[in-house]
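**Q** Chains as they are written, first to last, in the working numbering: chain R, 1 to 486; chain A, 1 to 510; chain Y, 1 to 653; chain D, 1 to 97.
Do not rely on the hints blindly, as some may be mistaken.
Here are the simulated DSS-like cross-link-like pairs (lysine-lysine), alpha carbons at most 30 Å apart as the crow flies [unchecked claim]:
id	chain 1	residue 1	chain 2	residue 2
1	R	Lys351	D	Lys85
2	Y	Lys623	D	Lys85
3	R	Lys351	A	Lys165
4	D	Lys86	R	Lys148
5	D	Lys86	D	Lys96
6	Y	Lys512	Y	Lys405
7	R	Lys351	Y	Lys473
8	Y	Lys593	Y	Lys474
9	D	Lys94	R	Lys92
10	Y	Lys126	D	Lys96
11	R	Lys443	A	Lys28
12	R	Lys148	D	Lys96
13	R	Lys351	D	Lys21
14	R	Lys351	D	Lys94
15	R	Lys443	D	Lys21
16	R	Lys362	A	Lys456
17	Y	Lys546	Y	Lys557
18	D	Lys85	D	Lys21
19	D	Lys96	D	Lys21
20	Y	Lys126	A	Lys456
21	D	Lys96	Y	Lys623
22	Y	Lys623	D	Lys86
23	Y	Lys546	Y	Lys559
24	R	Lys449	A	Lys456
In short, the hints are calculated from the structure, not lab data.
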Amino acid sequence: MDYSQFLIMPQEIGLLVVFLLVFLYDTFMPDRCQKALPTFTTALFGLYTVFSFFPVHSGMAFAGMFESSDATWAMKAILNVGMLLVLLQSIKWANSEFVAVRRGEFYELLLLTLFGMFLMVSARNMLLFYIGLETASLPLAALAAFEKNHYESHEAAAKYMFTAIFSSAILLLGMSFVYGLAGSFDYNVLASALGDKHSALLIAAVAFVVAGVGFKLSLVPFHLWTADVYQGAPTAVTSYLSVISKGSAAFAFLVILVQVFGTVYADVWKWMLYAIIILTITIGNLFAVRQRNLKRFLAFSSISQAGYIMLGIIAANTLGMTSMMYYILVYIFSNLGAFAVIAAIERQTDKVTIDDYNGLFKTNPWLAFTMMIAMFSLAGIPPFAGFFSKFFVFAGALKTADTAVYILVLIALINTIISLYYYLLVVKAMFIRQDECSIPTLKSHWSEKTGMILCAMGIILIGLVSCIYTFLNGVAENSSSLFNLI
Amino acid sequence: MEIFSNILIYFVIVPLLTLAGLALCRNKGIGAIRTVAVMGASALMILAITLVVMFLKERGAGNNAEMILTASWTWYAPLNVKLALGVDGVSVVMILLSAFIVFAGVFASWKMDPLPKQFFLWFFLLSTGVFGFFISIDLFTMFMFYEVALIPMYLLIGVWGSGNKNYSAMKLTLMLMGGSAFLMLGILGIYFHSSADGNLTMNVLEIAQNNAIPENWQLFLFPMTFVGFGVLGAMFPFHTWSPDGHASAPTAVSMLHAGVLMKLGGYGCFRVAIYLMPFAASQLSWIFLTLTGISIVYGAFSACVQTDLKYINAYSSVSHCGMVLFAILMFNQTAMTGAVLQMLSHGLMTALFFALIGMIYGRTHTRDIRDMGGLMQIMPFLGVGYVIAGLASLGLPGLSGFVAEMTIFVGSYENADVFRRVLTILGTSSIVITAVYILRVVGKLLFGAVQNEHHKQLTDANWFERLSTTTLMVSVAIIGCFPNFFVDIIRDSFVPVVNALSDFFPVVIR
Amino acid sequence: MSFDFSILVLAIPFFMFLFLGLVGVKMGKKITGVVGTIAMGVTLFICYSIAFTYFFGTDQGQISAEGVRQSVLAYDWNWLTFTDKLVVKLGILLDPISAMMLIVISTISFLVHLFSLGYMSDEYGKPEKGFQRYYSFLALFTFSMLGLVVATNIFQMFIFFEMVGVSSYLLIGFYYTSPAAIHASKKAFIVTRLADLFFLVGIMILSYYTDTFDFNALMASPESALSSAHGQTFMGCSVMAWALTFIFIGGAGKSAMYPLHIWLPDAMEGPTPVSALIHAATMVVAGVFLVARLFPLYVLEQGSMNIVLVVGAFTALYAAAIACVQSDIKRALAFSTISQIAYMMTALAVSSAPGVGEEGGLGYMASMFHLFTHAMFKALLFLCAGAIIHAVHSNENSHMHGLHKFMPITSIAFLIGCLAIAGIPPFAGFFSKDEILVACYEKSPLWGVWMAIVAGMTAFYMFRIYYLIFHWKKHEVKEGHHAPHDMQWTMTLPLIILAVISCVAGFIPFGKYVTADGQALHTHTNWPVAISSVCIALVGIGLATKMYFKENDLPSKLKSKFNGLWTAAYNRFYMDELYQFITHKVIFQKVCKPIAWFDRHVIDGTMNLLADMTTSASFAIRKMQSGSIQSYVLYYFLGAIMLAAVTMVIVLI
Amino acid sequence: MYLIPSLIMFGCGVFGFITRKNMIAILISLELMLNSVDINFVVFNRFLYPDQLNGMFFALFAIAIAAAETAVAIAIIINVYRVAKKVDISEITKLKF
């Protein structure tokens with residue numbers, strides 16, 4: 001075996017090292033040091049994140065099962081940034097009374113799921129993809145059930161688990177069809193073997209794969225678990241689910257669709273995505289309009305955001321890919337900004353409904369401010385990053401120069417108005433409602449503060465500083481061979 | 001740095017610095033907040049005047065470029081988005097207008113309560129958007145600044161407004177953002193068809209030069225952009241945000257909104273929709289002409305029966321702004337010049353109106369004209385100011401409204417087709433209806449016997465209120481008395497667009 | 001005096017408007033009035049100098065080589081550029097009629113300024129509230145009116161048309177606490193605005209085809225100006241006829257021609273000196289002046305001219321009929337004014353082009369002459385009325401009666417005015433009216449007779465008013481009130497001056513100076529017409545004397561006999577009610593209200609409906625998220641199957 | 001042709017999932033679905049691509065992962081039972097709408 005092939009996967013290896021160190025710390029350090037575990041993990045992961053920014057060699061490993069390219073590297077770096085923010089936000093929570101005993105497991109599982117996602121991102125073989133997906137999924141069920149004394153947490157875990165297994169069955173069914181058609185699991189081989197013949201089996205295969213991955217992305221109609229799980233799971237897990245899990249799945253989804261099914265893009269999965277995007281954005285928005293629980297509200301908002309991410313995929317070009325990655329990055333900062341505030345408030349007061357936030361600006365101006373820019377960014381209001389990411393994602397989609405896509409974008413744009421409405425509801429509650437605020441002036445932990453500040457800065461700067469997008473575009477251009485089949 | 005050698009960029013930097021300065025103020029330090037705000041507004045005014053002088057100098061020196069002071073820096077290279085600056089006569093006068101209104105607005109909100117700091121923060125964020133919009137010639141930055149200017153309205157109305165403010169603020173924001181949704185699609189569509197040889201660009205000038213947007217695409221994109229901007233320009237039937245929004249907004253916000261923000265609509269319609277898509281403009285203008293024609297008359301008629309001062313003004317704005325779009329769609333230099341004059345005029349006089357209404361409301365705590373009367377005896381300064389604003393609105397020569405409307409009417413009549421002429425005459429009739437509602441409100445509000453005994457104790461305007469309104473009154477009079485100064489600046493800016501149109505439309509070039 | 005000074009004619013009043021308006025409050029009332037009056041005196045002097053220079057002075061370009069009096073362009077500044085050709089200029093154009101108007105306006109304005117010093121004060125000489133405002137507005141009006149008459153182009157005229165409209169609005173509404181005054185000022189403004197709308201449309205049509213606003217350019221060759229429309233027609237008439245008719249409507253609004261006359265009687269709510277200045281002598285003749293300005297065009301476009309004729313003649317009779325029964329002296333005078341202005345209008349309309357026949361252009365000259373004389377004696381009558389009203393604090397003639405003994409000077413002055421308007425030689429009215437009648441007979445005997453009847457009615461109603469004020473029965477002084485008496489010199493002096501002018505103005509050889517083509521027109525008295533008209537006037541006066549000199553029941557008998565007619569005339573043939581109906585019941589109730597309703601409920605409702613639909617859709621699909629894993633999975637599975645099936649159907653079939 | 005048995009099995013699994021009330025039964029239905037897919041892989045490999053083994057290996061991996069999934073699922077079911085004292089899936093519907 002050629003061990004040098006491990007050299008092209010430094011990010012995965014680094015992650016494993018972090019995991020191992022955390023595991024060792026958790027297992028062997030004395031109890032009095034255990035309280036520092038969250039800080040230790042976060043710091044270690046921070047170091048690793050910086051490390052993961054160093055460029056890696058492109059190439060294939062394990063007989064073409066694993067690919068490392070600029071795009072995967074950048075995607076993983078983005079995921080790392082998001083992970084770091086999640087970790088920062090969860091430090092205080094992980095040390096809280098009921099969680100403290102199992103905090104080691106929390107971090108280990110979290111890191112493991114991230115590893116699974118890395119595999120998904122880099123996979124160039126159905127098998128590795130499936131393994132990555134399951135590695136990313138399974139521990140999350142355990143994590144969702146983490147708040148042992150909350151019934152909701154368990155219900156969330158159950159719903160997640162059953163749906164996850166169901167979706168994995170569907171995905172496997174799709175994959176088995178693909179195998180039946182082409183006799184291989186390797187993306188490159190599959191692409192050429194599938195050809196552009198439209199057999200019913202192929203269409204079914206595409207549909208089932210879309211449905212299987214659609215679960216991770218919570219695309220409508222495969223989304224129904226999302227809201228319940230987001231609401232029931234601990235906030236740290238919810239935020240992780242909503243951004244990291246979604247981001248990695250989106251990237252892997254893109255790779256599968258364009259590489260494996262690239263030949264049937266225009267006839268088959270473009271229209272599937274077309275319908276799914278419209279449904280996802282619209283239904284997500286329509287559900288979000290009514291929500292009073294902020295976590296549930298963000299769940300639906302994240303569903304509709306997933307629809308926008310899909311616009312980058314339906315584009316099936318480098319601009320779309322760039323925009324999608326950029327969108328994910330921005331979405332990570334915006335959504336985590338919102339979750340940071342929710343988590344900070346929930347940890348101290350247990351309040352998570354919009355009505356509790358009435359008049360928040362008076363008692364906690366900075367929390368309100370962070371929440372507001374997060375909301376504006378999600379809604380796509382300049383000068384916040386969300387505006388840029390939305391604009392670019394639309395630009396990517398429209399580059400297909402297909403009239404139907406114009407209609408799609410128009411529908412998406414009209415939906416932004418609905419989404420603006422519910423994001424503004426939160427802003428309204430915080431700033432405009434003059435009632436007595438039920439949330440006293442809170443003192444956030446340093447880690448929460450850092451997380452929020454990072455998010456706020458990210459929201460403000462990522463858009464204005466154009467080099468990030470330009471850089472991602474360069475990365476995507478390097479991977480333009482992905483789109484050879486389109 | 002090179003970027004700082006262009007005066008235009010300071011129109012964004014100064015408001016941003018003001019924002020920073022305000023952010024540093026303490027929440028309670030009202031003195032410091034006011035100082036910073038006044039400094040920022042004054043700096044903008046000085047900049048704007050400097051810009052006018054520079055512009056005249058450049059033009060005087062024979063610089064006949066379409067845009068002057070142009071500069072561009074690449075921002076988002078993959079999409080060829082640039083921070084492209086440049087002004088022509090239209091933008092120069094719009095910047096001047098905005099600077100005046102921001103200046104007056106600061107004084108009109110002198111006693112803002114509660115949260116003065118936050119108020120001014122949003123206020124200047126809004127100004128940043130407005131100025132940024134006018135100095136940009138890149139579609140992306142234009143659009144970005146456009147939205148930057150829109151969203152602060154929500155909080156400005158929501159927090160500091162009055163009446164049914166939640167509903168109004170939400171409606172206003174959603175409708176305007178709805179417009180900008182169409183606009184975004186339009187802009188992206190323009191971008192992707194901006195060039196025949198694949199060098200896509202966002203720069204308005206380059207797009208116009210390439211003239212590559214296919215005709216069928218123009219027919220699709222033109223309505224998108226026109227409606228997008230038209231919503232902000234209060235075009236029938238997308239105007240309903242205006243009455244509610246204005247009625248609920250605090251004084252300075254109404255001023256800025258009616259005075260400047262609504263102008264973004266007209267400016268955008270001309271700069272983006274018509275200039276870049278002359279074919280579609282000539283094909284579809286009849287639809288929008290009809291709509292704007294309806295706007296003019298409809299707004300005026302609606303204003304006749306309102307009883308809330310702000311509603312009257314909001315509907316009158318619908319009518320006047322309708323005239324702006326109406327004139328732009330007349331496709332000749334004179335009418336378009338008139339449109340810009342009308343923007344200036346309407347901006348200043350509506351700002352004056354709203355300032356005065358705010359001051360009256362601040363004293364009487366009612367805006368219902370049925371509850372007021374005889375205010376002229378109690379507050380002569382405000383009364384006289386109101387009469388002047390009213391006379392400007394109904395088009396008294398010597399004040400700005402007359403100049404603008406006459407230019408529009410004469411220009412519109414230049415078109416030889418019957419459809420446009422009939423509409424012109426229909427539009428002309430608004431001068432009578434305007435007189436009706438203005439005189440109605442003046443008569444009820446200012447003249448007659450004092451309706452409410454409590455009003456007798458009220459005082460006349462303070463020094464800052466006087467400063468704010470006097471600035472606007474003098475501006476209105478200056479435009480009215482020396483229109484050619486402005487016409488000379490504006491007129492030539494329409495040559496390119498009229499030339500572009502002349503391929504598809506029998507434009508009258510005289 | 002050089003014509004360069006003519007700019008001062010406009011500059012001084014404008015400056016006084018700003019000065020008195022802004023600084024007046026600080027200056028004290030009396031001083032404001034005096035300063036305003038003195039400034040007006042200076043303006044008067046300059047106007048006179050310029051007019052005299054124009055008519056009699058050394059040649060500064062006003063007399064052409066052939067000895068024809070032509071117009072002089074003293075100033076012409078670009079003010080507003082529409083297109084390269086259509087440029088609005090502001091300037092000063094001096095020609096016979098504008099020079100004549102300068103005299104009229106400055107004289108009357110000065111006298112009114114002077115008169116108002118007394119009139120606008122109470123019995124003890126203390127100036128009223130708003131005194132400064134009053135003088136400021138007077139200056140504004142004077143400025144606007146002077147600007148109107150010296151307009152070099154039709155757009156400048158329009159501009160000042162608007163300006164006089166506004167100053168008239170401000171002055172009518174001077175007593176802004178009185179609802180009647182507010183209503184009247186509003187009405188005056190809106191009605192004239194409506195007319196100005198037509199004026200504007202007329203200007204647009206005219207300028208579109210002729211490519212110019214400039215009077216000189218239009219007058220240089222009226223034929224080519226008219227033919228520039230290339231026979232374009234609209235609804236069967238040439239567009240130029242439409243344009244000129246519209247422009248006439250604009251003038252008709254200001255000059256209170258039927259049916260746009262309704263504002264003028266109401267305008268009497270303003271202070272009486274204002275009525276004298278604006279609503280008798282100057283502003284109301286703006287329409288006549290406008291038609292006179294464009295006379296060369298009108299005379300070629302007979303269609304429009306006939307409209308002017310019919311409207312003018314009808315209005316003359318109509319207003320005279322109403323004037324016969326009014327009890328409010330100012331209203332009676334107002335209708336008299338309408339009638340007289342209609343007279344001038346008719347005179348213009350019956351005039352033939354100068355040089356056509358022996359009497360070509362006579363009507364034009366006569367009209368201008370009548371304008372001049374009427375301004376003087378009507379101002380006199382109004383100022384007298386002002387003095388009377390000031391003395392008895394009422395407008396109603398039932399509160400007067402028998403004032404002759406108390407106010408002899410006023411009485412005599414009023415009598416002179418009446419004689420002048422009735423057309424009794426040698427008073428001014430006789431000469432001008434006589435020439436108008438001659439011109440009418442020239443046109444057609446019908447119009448001659450018609451106008452002669454109006455002249456007789458004029459004599460009748462003027463003397464009716466006179467008798468009812470100064471005679472009829474003994475004046476009863478109410479207890480606790482002062483007995484009425486003649487006023488202080490500032491008020492009496494203007495009366496005397498105007499009375500003198502009314503006596504002698506008729507002897508001015510008007511035709512030598514003010515004619516349509518600048519060449520002297522030699523008029524000779526047409527004896528049959530003159531004698532007959534005097535007879536008719538005398539009959540009218542005799543009738544009035546019979547009925548109203550002494551208290552008797554003849555008037556009430558006649559009143560009950562012709563009750564319907566009397567009531568209709570007293571109520572001005574219900575024109576106001578008709579307008580009221582159209583504006584309130586039709587436009588306000590049937591147009592504005594429904595539109596406002598439509599806006600709130602349909603347009604706004606649509607927007608709200610969209611929002612509500614979103615919300616209800618949100619509720620409607622709520623059940624989808626039922627909480628049961630099994631239903632989630634069912635949706636999931638069906639979704640996947642549908643995705644596959646639908647795509648298969650679309651792609652494979 | 002080869003698909004029919006496995007698809008029938010898959011269908012049974014789905015039907016079972018949707019209709020059963022007991023969570024354990026549902027888990028069994030899920031296993032049925034997963035196994036039917038495994039059959040697919042193996043069958044395809046054996047009949048269509050007899051010279052390869054990758055389908056077989058995929059099936060092995062899938063079985064292993066299915067086992068892991070079952071383990072976690074059972075753990076969660078137990079947890080739910082501990083907190084809520086029920087295994088009836090129709091009562092696990094607190095989070096909804």
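**Q** Now tell me if each hint is right for this structure.
**A** Verification of the hints:
1. R:Lys351 / D:Lys85: With Cα atoms ~27 Å apart, Lys351 of chain R and Lys85 of chain D stay inside 30 Å; holds.
2. Y:Lys623 / D:Lys85: 26 Å, holds
3. R:Lys351 / A:Lys165: This hinted pair holds, its Cα atoms lying about 27 Å apart.
4. D:Lys86 / R:Lys148: Roughly 16 Å separates the two Cα atoms, so the pair holds.
5. D:Lys86 / D:Lys96: Within the cut-off at roughly 18 Å; holds.
6. Y:Lys512 / Y:Lys405: Status violated; Cα separation ~42 Å.
7. R:Lys351 / Y:Lys473: Outside the cut-off at roughly 93 Å; violated.
8. Y:Lys593 / Y:Lys474: At roughly 54 Å apart (the allowed maximum being 30 Å), Lys474 of chain Y and Lys593 of chain Y break the hint.
9. D:Lys94 / R:Lys92: 28 Å, holds
10. Y:Lys126 / D:Lys96: With Cα atoms ~84 Å apart, Lys126 of chain Y and Lys96 of chain D exceed 30 Å; violated.
11. R:Lys443 / A:Lys28: Distance ~22 Å between Lys443 of chain R and Lys28 of chain A Cα, so the pair holds.
12. R:Lys148 / D:Lys96: 20 Å, holds
13. R:Lys351 / D:Lys21: 34 Å, violated
14. R:Lys351 / D:Lys94: 18 Å, holds
15. R:Lys443 / D:Lys21: Violated - the C-alpha atoms of Lys21 of chain D and Lys443 of chain R are around 46 Å apart, more than 30 Å.
16. R:Lys362 / A:Lys456: Not satisfied, since the Cα-Cα distance of roughly 38 Å exceeds 30 Å.
17. Y:Lys546 / Y:Lys557: 13 Å, holds
18. D:Lys85 / D:Lys21: Satisfied, since the Cα-Cα distance of roughly 15 Å is no more than 30 Å.
19. D:Lys96 / D:Lys21: 18 Å, holds
20. Y:Lys126 / A:Lys456: 25 Å, holds
21. D:Lys96 / Y:Lys623: Roughly 9 Å separates the two Cα atoms, so the pair holds.
22. Y:Lys623 / D:Lys86: The hint holds at about 24 Å.
23. Y:Lys546 / Y:Lys559: 15 Å, holds
24. R:Lys449 / A:Lys456: 55 Å, violated
Of the numbered hints given earlier, the model fails hints 6, 7, 8, 10, 13, 15, 16, 24; all others are met.
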